[in-house]
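Colleague: Sequence:
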Amino acid sequence: MITQLIKSSSLAYQSSNRTQYPFGGHIGTNLDAVSYYLEHAISLDTTRTDLLLTLANIYTFQEKIPKALHLYEDCVSQSSLQSDAIIPLTYLAVWHHYLDQHKKVTHYLQRLKEVSSPTAMQVEQLLSAIEQILAKPINYGTAINTKSELKTIQRESDSGAIIILGYKLNADGTIPPMLLQRLDAALTIIKAYPKIPIFVTGGLAQAGMTEACAMQQWLIDHAVSADRIILEDKATNTLDNASFTLAKLQQHNIQQAWLISASIHVHRSEIIFVSTQLHQRLTGHQPNNQPTFIHFDHYAARDGLSPNPLPVGKVRLDCYIDALRSFGLPAFCTAHITQA
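FYI, in numbering that gives the first Met the number 0 the residues of the sequence shown are 0 to 339.
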């Protein structure tokens with residue numbers, strides 16, 4: 000029975016039907032269905048911390064943070080080994096940070112340090128990065144005119160790069176307006192820095208054309224040298240964009256880069272790339288010849304999607320969710336099914 004409930008919750012989690020999902024005689028969002036099935040499964044076995052943790056994560060997606068915190072605490076209290084408490088303590092520190100409850104953040108970081116000092120150090124770095132990134136107003140065009148508050152990609156620098164994040168193509172493989180806006184924004188920096196490499200990332204295909212290949216062709220059609228363009232055409236989401244592109248950046252000894260994306264997506268993108276690097280360092284997957292972090296900044300498309308200069312509401316929430324997912328903590332994490 001529990002196995003079937005977990006499978007049903009997993010199917011709901013993966014579903015593209017986000018708003019009209021049928022479950023238990025009801026119609027609701029797919030996340031409502033995930034919660035419904037997991038709550039039923041937990042009622043049959045309250046000791047399954049994998050189910051408690053997954054349900055807590057789904058609650059954060061639904062902006063039910065207090066309910067999620069209660070379940071994370073349950074996971075800590077039910078941990079038979081100290082190492083079992085590492086993940087729920089990480090969630091508790093990060094979500095109290097989201098709520099600006101800094102005394103509790105300090106409390107949970109200290110508890111985490113007692114269990115795993117390396118993890119606590121990485122979580123502190125993650126929270127510091129989140130703070131810095133969320134405090135930056137959306138950059139629509141000042142990057143090429145003023146010095147960056149951190150590091151600046153120097154003109155003609157061998158260590159700099161431009162990264163354009165993909166967007167789903169039209170059914171016929173042509174470029175949709177959202178992606179065209181990103182390319183137009185990127186072209187400004189590309190012209191300002193005519194020798195640094197350009198990474199185009201996106202592997203979703205339409206009519207046999209991937210996002211990366213479509214972007215490459217558009218750039219070539221707009222007088223950008225093909226020699227400058229490096230393809231990453233396997234990623235199907237932003238987490239993969241970061242993981243796969245980071246590998247290529249490291250191969251090219253890139254030290255700093257601009258991320259080009261939609262205005263509602265640039266902060267999330269920065270956080271995902273930085274969090275992925277932190278996870279690589281924590282797990283020992285960062286190459287030996289890459290001793291320092293790549294520094295990221297962003298450049299947003301003028302798409303009119305962000306009425307606020309800083310992330311607020313759902314955009315801010317998603318920044319925290321994606322920070323955790325790219326930190327190696329999949330949202331759906333039951334014993335036999337794991338999905339970011």
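Hints listed in this document are in silico derivations from the structure and should not be mistaken for laboratory results.
Predicted, not measured: the structure shown is a model, and the values here were computed from it.
Incorrect hints may have been included.
[What the hints assert, rightly or not] When the alpha-carbon atoms are kept at most 25 Å apart in a straight line, the in silico SDA-like pairs for lysine to any residue are as follows:
{"hint": "1", "residue 1": "233", "residue 2": "191"}
{"hint": "2", "residue 1": "112", "residue 2": "247"}
{"hint": "3", "residue 1": "190", "residue 2": "171"}
{"hint": "4", "residue 1": "66", "residue 2": "158"}
{"hint": "5", "residue 1": "190", "residue 2": "206"}
[Stated by the list, open to error] Derived DEER-like restraints, expressed as beta-carbon distance ranges:
{"hint": "6", "residue 1": "246", "residue 2": "334", "range": "25 to 33 Å"}
{"hint": "7", "residue 1": "207", "residue 2": "13", "range": "48 to 56 Å"}
{"hint": "8", "residue 1": "100", "residue 2": "131", "range": "28 to 36 Å"}
{"hint": "9", "residue 1": "226", "residue 2": "191", "range": "23 to 31 Å"}
{"hint": "10", "residue 1": "216", "residue 2": "6", "range": "35 to 43 Å"}
{"hint": "11", "residue 1": "207", "residue 2": "15", "range": "45 to 53 Å"}
{"hint": "12", "residue 1": "224", "residue 2": "26", "range": "48 to 56 Å"}
We put the beta carbon where it would ideally sit given N, CA and C, even for glycine.
Colleague: Compare the structure with each hint and give your call.
Modeller: The hints, checked one at a time:
1. Restraint check for residue 233 and residue 191: the C-alpha separation of about 28 Å exceeds 25 Å, so the hint is violated.
2. Note on residue 112 and residue 247: the hinted pairing is violated, with a Cα-Cα distance of about 33 Å set against a maximum of 25 Å.
3. Note on residue 190 and residue 171: the hinted pairing is violated, with a Cα-Cα distance of about 29 Å set against a maximum of 25 Å.
4. In summary, the hint linking residue 66 to residue 158 is not supported, as the alpha carbons are separated by about 45 Å, beyond the 25 Å threshold.
5. Between residue 190 and residue 206 the CA atoms are separated by roughly 30 Å; this puts the pair beyond 25 Å, and the hint is violated.
6. In this structure the supplied range 25 to 33 Å holds for residue 246 paired with residue 334, their Cβ-Cβ distance being about 29 Å.
7. Checked against the hint of 48 to 56 Å, the C-beta distance between residue 207 and residue 13 comes to roughly 25 Å, which is inconsistent with it.
8. A hinted range of 28 to 36 Å is violated for the C-beta pair residue 100 and residue 131, which are about 19 Å apart.
9. Between residue 226 and residue 191 the beta carbons are some 18 Å apart, a value that contradicts the proposed interval 23 to 31 Å.
10. Taking 35 to 43 Å as the suggested C-beta distance range, the pair residue 216 and residue 6 conforms, at roughly 41 Å.
11. A hinted range of 45 to 53 Å for the beta carbons of residue 207 and residue 15 is inconsistent with their spacing of about 21 Å.
12. Range check, residue 224 to residue 26: Cβ separation about 53 Å, and the 48 to 56 Å hint holds.
In terms of the numbered hints stated before, the structure departs from hints 1, 2, 3, 4, 5, 7, 8, 9 and 11, listed from lowest to highest.
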